[in-house]
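Taking the hints into account, I'd like the entire structure generated from these sequences.
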Amino acid sequence: MNNILIDSETIAAISTPYGKGGIGIIRISGDEVEYISNKFFKKIPIIRKAEYLSFHDYKNNEILDKGIVIFFKKPNSFTGENLLEFQCHGNPHMMSYILDNILLCPNVRLAYPGEFTKRAYLNNKLDLFQSESIINLINSNSLLESRLYSKSVQGIFSNEIKNLIKKLDEIKILIETFIDFSYENIDINLNLKIKFLLKNIINKINNLILNSEKSYLISKGIIISIIGEPNVGKSSLFNLLINKDRSIITSIPGTTRDSINEILVLNNSININLFDTAGIHNTDDIIEKLGIKKTKELINKSDLLILVIDNIDIRNNLLIKNKLNILKNKVNKYIFNIINNTCIPIIIVKNKCDLSKDDIKIYDNYFEKNISLITISAKLNTGINLIIKNIEQILKLNNINEIKFLISKRHIDILKKSFNILNIDENKFDISILSDNISLSQKELLSLININKNTHNSEKILSEIFSKFCIGK
2 MNNILIDSET
12 IAAISTPYGK
22 GGIGIIRISG
32 DEVEYISNKF
42 FKKIPIIRKA
52 EYLSFHDYKN
62 NEILDKGIVI
72 FFKKPNSFTG
82 ENLLEFQCHG
92 NPHMMSYILD
102 NILLCPNVRL
112 AYPGEFTKRA
122 YLNNKLDLFQ
132 SESIINLINS
142 NSLLESRLYS
152 KSVQGIFSNE
162 IKNLIKKLDE
172 IKILIETFID
182 FSYENIDINL
192 NLKIKFLLKN
202 IINKINNLIL
212 NSEKSYLISK
222 GIIISIIGEP
232 NVGKSSLFNL
242 LINKDRSIIT
252 SIPGTTRDSI
262 NEILVLNNSI
272 NINLFDTAGI
282 HNTDDIIEKL
292 GIKKTKELIN
302 KSDLLILVID
312 NIDIRNNLLI
322 KNKLNILKNK
332 VNKYIFNIIN
342 NTCIPIIIVK
352 NKCDLSKDDI
362 KIYDNYFEKN
372 ISLITISAKL
382 NTGINLIIKN
392 IEQILKLNNI
402 NEIKFLISKR
412 HIDILKKSFN
422 ILNIDENKFD
432 ISILSDNISL
442 SQKELLSLIN
452 INKNTHNSEK
462 ILSEIFSKFC
472 IGK
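So for the sequence shown, my numbering puts the first residue at 2; every next one is plus one.
Hints in this document: simulated from the structure, not taken from any laboratory. Treat the hints with care, as some may be off.
Stated by the list, open to error - Straight-line Cα separation of at most 25 Å, DSS-like style, residue types lysine-lysine; simulated pairs:
no. : residue 1 : residue 2
1   : 469       : 302
2   : 405       : 200
3   : 67        : 474
4   : 168       : 152
5   : 417       : 397
6   : 168       : 444
7   : 196       : 163
8   : 221       : 152
9   : 173       : 50
Have a look at this one:
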């Protein structure tokens, strides 16, 4: 749409995914719904009651299909407009033909991607955050994501934001009272009360940010890469973690020449994108070089690295001051630099402990950086549970039930802006300008759930959001 205002055209689209199925749904929204009902179903259905009706051809009145028709009268519909849903047989050819018939009607066109939800937002049936959560709910990859996005659609996060805005309004009233009547000394403790209430709100916003940063990790998709030199057991570990033979395993170095991805499910709900990568080493093989280049690119995108090393006896090096030095001459320079310089958390897995008769151990806080060391035997399938446990601890997935909703990085950035505006240095606290700061903070918070429809870039923002939807939603 070229204008932020809802145009007068009625929209129609197939709302179910393409393909054959028992039922397919065609959705129509707008002022022409009653005309379309009379034209194709020969009546206007009873409001909010399922009726079994025949759909007639636009030109020759032939019955094309029969199905359930439900009519929602505005404003009591998903879009806030007159809305009709026809549940017919899920044959894509017949559904497309029925839709083509509907599009022959005057002032009716095919809906743009996400336009039904966009109209729901513009008609105040949903706020902006709820609208965004719908597409995320549709595209979610795990039960946990689905449940959390469902809560967002229900308005849990939006209500938190509305409550914060309301509390800030109450503080603004107190500030006005303090400024207008300060000469009368009406309440010598009013200044302290304002500070106390403001601090509570700042803490609430900060808690939202902390919750949101954990939830963002889940919503964007957690990436864990297994890295190391060739033939150290990366693929064996990969297969054990996903519990199936996905990567080819041989004694020939460089067998894995490209990154392989599988989903690792933790706690029956959290999906992890686990990558087995090409071994990093010096090589003249062109294909291997391309694989190593991809590995290096993937490292920078990862949330956690599992570095597999081959049978280094760390126990004899406990007196070394910088524990990282024990690896310096054992792995190649690139991998060592990753260990020494990256801020990405690392689990170093010492594989093949069955050959050195080493015990299965986890060395908590062994290194001076955010690195854990675990000894395992991929051959004997021992120590794998320690890796899983460590992944959960490092990524803080143990207390996953504390997460109330999932949000994007854009939302986190807005929360941080709001927080920074309010989080004034105690020495610079000036109640006379505090009201302006609160208004700026409220503006940021409001942008999470609404958008000023009169601004020049409002249509651009909405188009970016709703273009991610499929046609028919």
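Hint check results:
1. 469 - 302: holds (23 Å)
2. 405 - 200: Measuring from Cα to Cα gives roughly 22 Å; hence the hint holds.
3. 67 - 474: holds (23 Å)
4. 168 - 152: holds (23 Å)
5. 417 - 397: holds (21 Å)
6. 168 - 444: Holds, at roughly 14 Å.
7. 196 - 163: Holds, at about 21 Å.
8. 221 - 152: holds (17 Å)
9. 173 - 50: Cα-Cα ~48 Å, so violated.
The structure shown violates just one earlier hint, number 9.
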